[in-house]
Amino acid sequence: MNDWKIRFVLIILFSAFLFYIVRGIIVVVDFQRVYIPPTSLALPAPYGNIIGVNDQPILQNNLSYDVYIDVGYAKTLSSIEGWKYPDRVIQVLDYFGKDPNSKTISSILKSGRGGIEIGLVDEKMVNNLPSDLKSFLNIQRVYVQTKVATSLEIIAKAIQGEYDKYVKPVKNGELVYNAFGPYALTSGIKTLVQPIGGDTVVTTIDPSIQAFAKQAIEYAVKTNAASGGEVIVSNPKTGAIIAMATTWGWDAPVMNVFEPGSSIKPLIFCAALQEGIVNVNSTFTGPYYIPNPNIPLVIKDAEVHPWPIDLREALVYSSDVAEMKIATDFIKTVGDTNYYNWFLRFGFGHKTGIDLPGEVDGFLTPPSQWYGIGGQEMAIGQSIAVTGVQLVMALNAVANGGYLIKPHVMREIVTPSGSIVEIYTPQATQIFNSEVTQIVRSFMVDVVQKGTGIPAQLSGVLVGGKTGTAEKSVNGKVSTKGPYFSIFYGFFPADDPQYSILVMVDQPSKGLYYGEDVAAPVFHEIGEYIIKMGYLENDQNHLFSSFSMPNLKGLTLNESLYLLRELSIPASKISFSGNGIIVSQSPPPNTPVSKIKNIILTLGPSF
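Using our numbering, you'd call the opening residue of the sequence shown number 9 and step up by one each time.
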């Protein structure tokens, strides 16, 4: 090839190269950069968990997937990818257990428009779905709260309602991608905003005891053909609710009311002892004639027993005669208002303040509205109405040494980072002297040992308790023929209670209705379960006055001698010195009676 031809070709190539360079410059100058907006992926924030003792779950926070079939897009894809519509859509429906022949779904498939909501499915189902069936699905990650057991359903819903502002997610996160370029595309993660989940609520509920209590009350209601029932298991020292079970579809222990009947007699005994209305040597004889000529009613005891009876026997026999006489003297001594105020101090007539929604006040008639023997009736649990949580809180004051402690289910609230937002602070008011509660607790032990509460006895552990049988109002009227509320409250170990259990069965209708026949056996079943599962503290000496030396400090000499006499300790073994109340004793509390040789009591002034 000639040199000039070579030059000519080079000139042409150079010119073409120069043309494209100039053209490129012009394009860059004349055209603005094309901006592709950033894309983002939502990162859902989880709910906080609600957990019970030992980190047992009550309400769990689980990752799920919300699946939606875009039917219109599926039909378009079928024509592009070459598969027959709606075959793959039907495969997806079958996979997720949806009926493609149902009226609604078949209509959508036929139209080829719109979509079908599958709903929430777990991660495993999404991961196992064949990839060729995912292209027309909209799959969103979401968190949902799941109750771990049916026995927890009602209490979990109540706790969730009370603490919703803590457990709900704080803020969803976001993953943002950046994208730029006129022709070339460069992309990457621009920002990552971490989701902020809800707080964890740590509760006092024991899911295992809750499950057993639920089973026990359901069985009692079924076998007694009752209309319903409820159980509360608590720690009488702290007010912690360990279990709260009911057969109704709502949180009945804070929402339902009932007459407590004889179950409140220990409260009246404590108040009467503290006011000096009675003492351990008081005796009673029956029957009791209503001191009102317009009410020709004679009160007799349901259980036949010899007369007279002392204060201890009055509780063991659940004597209405003794109770009415105590109430009459109580009102005469302190007046209507002060007598009524004692019921307010028990926590009746107003909410306990438990941290659960829907609590009601109960019913307590003021003196201005009493009629007939309204005041005296209150002492045997009539003409008043209480919730289960009110009654257990009041009776716990006898078990724990005199303190009315606000019941609670929350122990602490913890953020996802581990910081404590809130922690339970005990709220307690002393309503009884510890001395009178010790006396009445010993009476309540005998109720279970040899009185109306015998069916509540537990293996190897001493129990204190009280039965109650109350007439139920129907259309504003009550009848001695029923229906009834059957009630039992008990605590154990009796010398240092760790557990208290309240059982109420509403309207048993298979013949048996007394608290000892219907409610006390439920207490027994739950108590035996707690013992069997090893929930009692191992370092406790589970003995009480029937087998061991009681703590006499703070009692009067007469009260001390009375308790020692109940232990069958002869007076010849007892010596004392000084005046006032017991300030020291030998041997110390909980010494087995079998090892006691002599008892020395020292009395001194109270401060």
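Incorrect hints may have been included.
Below 20 angstroms or equal to it, Euclidean Cα-Cα: the simulated PhoX-like pairs (lysine-lysine) are [stated by the list, open to error]: (1) Lys-359 with Lys-414; (2) Lys-245 with Lys-414; (3) Lys-561 with Lys-581; (4) Lys-605 with Lys-581; (5) Lys-230 with Lys-581; (6) Lys-165 with Lys-176; (7) Lys-518 with Lys-480; (8) Lys-142 with Lys-111; (9) Lys-118 with Lys-132; (10) Lys-118 with Lys-106; (11) Lys-92 with Lys-142; (12) Lys-603 with Lys-581; (13) Lys-92 with Lys-118; (14) Lys-106 with Lys-132; (15) Lys-142 with Lys-83; (16) Lys-165 with Lys-106; (17) Lys-83 with Lys-118.
If you are wondering where the hints come from, they were derived from the structure by calculation, not from laboratory data.
For each hint, the structure was consulted:
1. Lys-359 with Lys-414: 10 angstroms, holds
2. Lys-245 with Lys-414: 11 angstroms, holds
3. Lys-561 with Lys-581: Between Lys-561 and Lys-581 the Cα gap is close to 18 angstroms, so the pair holds against 20 angstroms.
4. Lys-605 with Lys-581: Given that 20 angstroms is the threshold and the Cα spacing comes to 7 angstroms, the pair holds.
5. Lys-230 with Lys-581: 53 angstroms, violated
6. Lys-165 with Lys-176: Holds, because 13 angstroms separates the two Cα atoms, which is no more than 20 angstroms.
7. Lys-518 with Lys-480: Holds: Lys-518 and Lys-480 sit about 16 angstroms apart, inside 20 angstroms.
8. Lys-142 with Lys-111: The hint is violated at about 24 angstroms.
9. Lys-118 with Lys-132: 30 angstroms, violated
10. Lys-118 with Lys-106: Satisfied, since the Cα-Cα distance of roughly 16 angstroms is no more than 20 angstroms.
11. Lys-92 with Lys-142: The given pair, whose Cα atoms are some 16 angstroms apart, holds under the 20 angstroms limit.
12. Lys-603 with Lys-581: 12 angstroms, holds
13. Lys-92 with Lys-118: 13 angstroms, holds
14. Lys-106 with Lys-132: 17 angstroms, holds
15. Lys-142 with Lys-83: 14 angstroms, holds
16. Lys-165 with Lys-106: Roughly 29 angstroms separates the two Cα atoms, so the pair is violated.
17. Lys-83 with Lys-118: Measuring from Cα to Cα gives roughly 11 angstroms; hence the hint holds.
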